[in-house]
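Asks: Fit chain B to the given chain A structure using the hints.
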Amino acid sequence: MKDFPILGNNDTRSGFGAGLLELGRTNPNVVALCADLTGSLKMDAFEKEFPDRFFQVGIAEANMIGLAAGMTIGGKIPFTGTFANFSTGRVYDQIRQSVAYSGKNVKICASHAGVTLGEDGATHQILEDIGLMQMLPGMTVINPCDYNQTKAATIAIAKHEGPVYLRFGRPKVPVFIPEDQPFEIGKALLLQAGTDVTIFATGHLVWQSILAARELEKEGVSAEIINLHTIKPLDREAIIRSVRKTKRVVTAEEHQILGGMGSAVAQVLGAEFPAPMAFVGVKDKFGESGTPEELLEKYGMSAADIVRAAKSLF
Amino acid sequence: MAELQELQRIASQVRRDIVRMVHAVNSGHPGGSLGCTDFLTTLWFHTMRTNAPSWDMNGRNEDLFFLSNGHISPVIYSVLSRKGYFPISELATFRKLNSRLQGHPATKEKLPGVRIASGSLGQGLSVGIGAAETKKLNGDKHLVFTLHGDGELQEGQIWEAAMYAAHRKVDNIIATVDLNGQQIDGSTEHVMSLGNLEAKWAAFGWIVLTMNGHNLNEIISTLDKAKNLCGQGKPIVILMKTEMGKGVDFMEGTHKWHGVAPNDAQLASALAQLEETLGDY
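So the sequences go chain by chain: A and B. Going by the working numbering, the first sequence opens with residue 16, and the numbers climb by one from there. Going by the working numbering, the second sequence opens with residue 494, and the numbers climb by one from there.
Just chain A, with the same shape it has in the complex (with noise of 0.2 Å):
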């Protein structure tokens, strides 16, 4: 299998404050809020350059949203800034009535996603937003894996016209994307072809997946790795084309396995080409404090994990 050497090391919500600050300069439309979490968002950099269209809203989300949702009429792109509970789970009804509904042109962009937030425990890894965000009608939904991923994704949403979640997270995890890949909304990215498994991951287990299917291939088995980075809309063909060859599926996400990224492909699959399939993923529980590796470990979401589920479809 390919190399994918490590380009270096670094945490996705910067990708997202580097592609901010890029888009600060080429799009005049472009205005960015935050609640109370410019440092923790990364936003300080598009804040310092372009205060005029920086809006720091304090501790109060749903009126940031409303906000977001009011200055797109105008022309302006909002992109809302704030941990991924407190984007989602928090204001649920502002992003349905006043963003989905209403058909705005905001980007909810959120970090601290899943348990690798780590010591800050449960309060704040929220594993429900993908389900939560993927639901709401006309909802683009997009976890990317790494900095370029994050930073490329975060300058392609800003030229989609419709309501984006776009989650990413806060451990330094390998950059391992080449930069100038280009980012394509709902179209997967082959990373690995296979022939006995296909491996769908997003978000920080697409890395994982990649350790994942090194030890696979030493004990002869060959596994495609597919990364869905856009969960919403989802790529059915890649995702039938790949399984109608390997015949065998294991998803990989950081989030409970009801509702997510997995039970989206399940769907289709359950639909169109019906093959055994492995849930990497969280088990109907609520995280806690720990390192984000030790809380990988320990909530089934390493690359060993991975190994095990898809030697499981064998």
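Worth double-checking, as some hints may not be accurate.
Claimed, not checked - Partial list, derived from the structure: chain B residues whose beta carbon lies under 7 Å from chain A: (1) Ile609; (2) Gln616; (3) Val620; (4) Thr627; (5) His635; (6) Gln647; (7) Ala654; (8) Cys723; (9) Gly752; (10) Asn756; (11) Gln759.
What the hints assert, rightly or not - A short list of chain B residues far from chain A (calculated; beta carbon distances all over 12 Å): (12) Leu557; (13) Asp633; (14) Glu648; (15) Ile651.
Unchecked claim - Below, computed lysine-lysine pairings styled on DSBU-like, alpha-carbon distance capped at 30 Å: (16) B:Lys601 with B:Lys629; (17) A:Lys247 with B:Lys603; (18) A:Lys63 with B:Lys629; (19) B:Lys727 with A:Lys63; (20) A:Lys174 with B:Lys601.
Source of the hints: derived by calculation from the structure; they are not laboratory data. Glycine included, C-beta positions come from ideal geometry on N, C-alpha and C.
Replies: Below, chain B without anything else, positioned relative to chain A:
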């Protein structure tokens, strides 16, 4: 004053539209709609500077209005159609399948005049302030108007938005609160007392004006005063005393007509009290 008489004639027709619309589908919210008729007629036909009947979502270089208490959709639909945004015949589709006139205002069906969905309460002030911020960024000197129910002030998001607008000196917005003192389960005093609203809004950093929402002269002069106070670093709120059900004697002053439609006899009685001035739809 000729214009005052014209506004009264429009308001009478709007009231007829309201009771006929809710009667036709045996659902909807006549009480608050009738209570806000004088205000919305004056706002749209006297105060606001719009590009009507031409309309687009971005609303550049015109005043904007956001209805936050979306359940009083009959009154805004009537006013918008009478303003020429869409045919008055479309009022007959209110709350029916495949209509652009949804039970609560929505944008999905692309009804001209509606720029945000509302119904789930407490969200329209944030939206209006956001639109006002964009007007500032665009160098657009026009204003943003919003309308809220008094019961709606029980939603926390209203006060998040109030705090924000004062902090950010959003001085191109005029919010109006319909103080009819009623909500679904009874009087606001009984359900959840709002306390001293003048003091509350003032403490949140807003300029507070008050008016009688059924005195057209007072509505005109208060809105003129509010417009003159814009651009001075503070957001403006108008606390408007109204009577729920105003104009239909058996609906006046009670929360019982919040979300109930009149029957045939009640409709006849209501219409007998309201002159047909511009022609029924």
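Asks: So, for every hint listed, does it hold in this structure?
Replies: Going through the hints against the structure:
1. Ile609: 5 Å, holds
2. Gln616: OK, holds: Gln616 (chain B) within 7 Å of chain A, min 5 Å.
3. Val620: 4 Å, holds
4. Thr627: Holds, about 4 Å.
5. His635: Result: violated, 10 Å to nearest chain A Cβ.
6. Gln647: 14 Å, violated
7. Ala654: 5 Å, holds
8. Cys723: For Cys723 (chain B), the interface hint is violated, since the closest Cβ of chain A sits about 17 Å away, which is over 7 Å.
9. Gly752: At 19 Å from the nearest chain A Cβ, Gly752 (chain B) fails the 7 Å test, so the hint is violated.
10. Asn756: Violated. Min distance 32 Å.
11. Gln759: 32 Å, violated
12. Leu557: The claim is violated: Leu557 (chain B) sits with its nearest Cβ about 7 Å from chain A, within 12 Å.
13. Asp633: 7 Å, violated
14. Glu648: At roughly 9 Å from the nearest Cβ of chain A, Glu648 (chain B) sits no farther out than 12 Å, so the non-interface label is violated.
15. Ile651: 9 Å, violated
16. B:Lys601 with B:Lys629: Distance ~27 Å between Lys601 (chain B) and Lys629 (chain B) Cα, so the pair holds.
17. A:Lys247 with B:Lys603: 24 Å, holds
18. A:Lys63 with B:Lys629: 20 Å, holds
19. B:Lys727 with A:Lys63: 25 Å, holds
20. A:Lys174 with B:Lys601: At roughly 21 Å apart (the allowed maximum being 30 Å), Lys601 (chain B) and Lys174 (chain A) satisfy the hint.
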